[in-house]
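Participant: Residue-level listing of the chains:
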Amino acid sequence: MIQLDSVILGDNQFFGINHMSQEKGQELAERFSDLDKIYKAYHTAYELGIHAFMLNSNDRAAEICNYFRTHKSDFPEMVLYPSLPYPHKYANLVAEKGIAATIQDVLSGQSALDLLGMAGKSLGLLTGDLTKLMELLVDVEMKMFKGLDFKAIYLQNVITDLLLGLEFKEIFIQYSKHIEKKYSATPGFLTMNVPRLSAFLQECGITNATICGSVNKSGYLMSPNVATYETYFIGPQPYPITAMSIFASGAIAPSEAVDYVKAQGISSIVFGASTRAHMLESMQFVQGHQ
Amino acid sequence: MTPATSGAIRDLASEPKKTAKAAIIGVGRMGLTHLSIFGGHPFFKITAAADGASLITHGISKYRKDIKLFNNYEEMLKNEELDAVVIATPPHLHAPMIEAALQQGLSIFVEKPFTLDLGQARKFALQSEAQPNAFHQVGYVCRYTDVYIRLKEILQSELIGRIISFNAEMNGCTVISKGNESGWRGERNTGGGCLNEFGSHAVDMIVNLFGRPSQVVGSSLQSIYSTKVEDLVRSTFIYTSGIVGSLYANWSDPSYRKPVLKVDILGDKGRIMADFYGLKIYMNHADSSYKKGWNTIHLPDLTEPVPFYVRGNEFTRELYEFANGVLDPAGANHCSFADGAATQEVIDMIFADASGE
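Sequence lines, in order, name chains A and B. Under the working numbering, the first sequence has 97 at position 97, and the numbering climbs by one with no breaks. Under the working numbering, the second sequence has 465 at position 175, and the numbering climbs by one with no breaks.
Treat the hints loosely; a few may be bogus.
For lysine to aspartate or glutamate, the following DMTMM-like pairs were computed, each having C-alpha atoms within a straight-line distance of at most 20 Å [said to hold, decoys possible]:
1. Lys552/B x Glu23/A
2. Lys352/B x Glu170/A
3. Lys177/A x Glu203/A
4. Lys559/B x Asp543/B
5. Lys217/A x Glu594/B
6. Lys570/B x Glu23/A
7. Lys169/A x Asp356/B
8. Lys146/A x Asp74/A
9. Lys442/B x Glu459/B
Which residues of chain B face chain A? A few of them, derived with a C-beta cut under 7 Å, are [what the hints assert, rightly or not]:
10. Ile327
11. Tyr353
12. Tyr567
13. Val600
14. Glu604
If you are wondering where the hints come from, they were derived from the structure by calculation, not from laboratory data. Ideal placement from N, C-alpha and C gives every residue a C-beta, glycine not left out.
Take the sequences, apply the hints, and build the full model.
Facilitator: Here you go:
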């Protein structure tokens, strides 16, 4: 079973994603518009002892991965937790072009077919097989992480939860197999529905997986409700958990947030911090409450 | 026409009395989301779907043997025993589908915009009223967001006094390059363009919060990247009550990461600014709940979790309201056919004003 890092630095703060306010998001986007500022933040985090980073496969992540590859000696023990794909890229493309054209675009735009040795095969034939298509899309997104160390590869919550509701079991099964086989990593799932996803993965017969979901006492982004999560955490858990949104976007004080997560028996946290002071504060809380 | 009935918008799952059977017409981006949200619903089952052959229908036929697939909706309505239909096709196809479902007395959830023809919209609203045993809803999903539920409650409580003016803005980066107009979103007569497809959310929110204006003036439609439709809409709304408000909708702004609806309201006792992140309330004087000056309510403090989260609480909330309504047609309906027709009327007023009619 995967040994999750206890503290994982997320990446929302670097890409202008903030659930507290649009202004805060804009401020962060501006502050980190220069990639060097992001690299500096990663150096700071690493020096503070945060060696695990969750990184979403958005356009800028490719450049960040390049940096990590060329500066490997600065991050000798670094572990990445990639999350795929960047949902808004797909959402916008689908809104503009439709689902089929988007897939064609993503696959052909990155010469994925050539790279994956699929040249010559008709895309139409490939897209008839959803599991094969899913593998291709994963491989396209994973290209940027090549040569870096990663433990788990997460499916973004928008995709996980959509597929969970659709009850397309085979996609979950094949995704898990593909991640284990091709990338020797643990299949990961981000979700806003931890208890339901866990039950579903068990129904799929998936034994090796890890789940990352919101855990906070206000129940923010926790469906169906806090009580169901708390009951779930009391019982035997088939999948190791990483807690996200622990501060509920700032609605909960750090010490209280960490205490709550620990009380649920969870020992891995992903959090966003953009300054040394915040990283240090979060680290101290996590360590101080171990 | 009766406006939206009031009721607890967050009352998501009433006691199941029986299981409702429903079909989805059109499984594109929204239809797929709806299918997902209904997955695992305790008493509302999707048993059939109608759409042309696609990647998605292929997936449904392969992985969801419990859903019967049809090439066309007419055949499906003829052959399947259903309580309800969910219509999620491009807007110009809605009308005949609604018509057929109304004829069968089915409950109907139809995506926004309701139809592209005001006459039809009004006719459907009247027919809906004549069918008290069915539940008819239009999918203006912003009405079901945590922030806008609270905003409406606050306005109804008259916290900021008499409303004087408002600005409603909808911004996003849906169309940010030339040459991508092949789909229905690039043509007015298929329901495309910024006002129909995107800005209608802001128009509907205005109608939801302030009602229908008596006059629409100064409307303009601008194209940025699209050649056949507008990408940016501006308009001014005048009310007999004295309220004056403005609408700005732009689906071609790359500075927005995702679509955002913002409403800024001035009253004679204060001001409220709302977006998807929360509410900022300025109080001219303190009251028992709010201090004088600015009061901020962040989204995490407004949010009520839903039974199953797919793309945001609001999508689940609106569809669970529909599921409840199918079994209990007298239940709360926060976006009835009458509401859809009212919004349609204002959209038409903007088009008419912009074209100088």
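Participant: Work down the list of hints and note, for each, if the structure agrees.
Facilitator: Results for each hint:
1. Lys552/B x Glu23/A: Roughly 13 Å separates the two Cα atoms, so the pair holds.
2. Lys352/B x Glu170/A: holds, 9 Å
3. Lys177/A x Glu203/A: holds, 15 Å
4. Lys559/B x Asp543/B: Violated, because 33 Å separates the two Cα atoms, which is more than 20 Å.
5. Lys217/A x Glu594/B: holds, 13 Å
6. Lys570/B x Glu23/A: Between Lys570/B and Glu23/A the Cα gap is close to 13 Å, so the pair holds against 20 Å.
7. Lys169/A x Asp356/B: Distance ~13 Å between Lys169/A and Asp356/B Cα, so the pair holds.
8. Lys146/A x Asp74/A: Judged against 20 Å, a Cα distance of about 18 Å means the pair holds.
9. Lys442/B x Glu459/B: Distance ~17 Å between Lys442/B and Glu459/B Cα, so the pair holds.
10. Ile327: Holds, about 6 Å.
11. Tyr353: Where the cut-off is 7 Å and the nearest Cβ of chain A is about 4 Å from Tyr353/B, the hint holds.
12. Tyr567: holds, 5 Å
13. Val600: holds, 5 Å
14. Glu604: Hint on Glu604/B: violated, closest Cβ of chain A at ~13 Å, above 7 Å.
Hints 4 and 14 from the list above are not met by this structure, while the remaining hints are.
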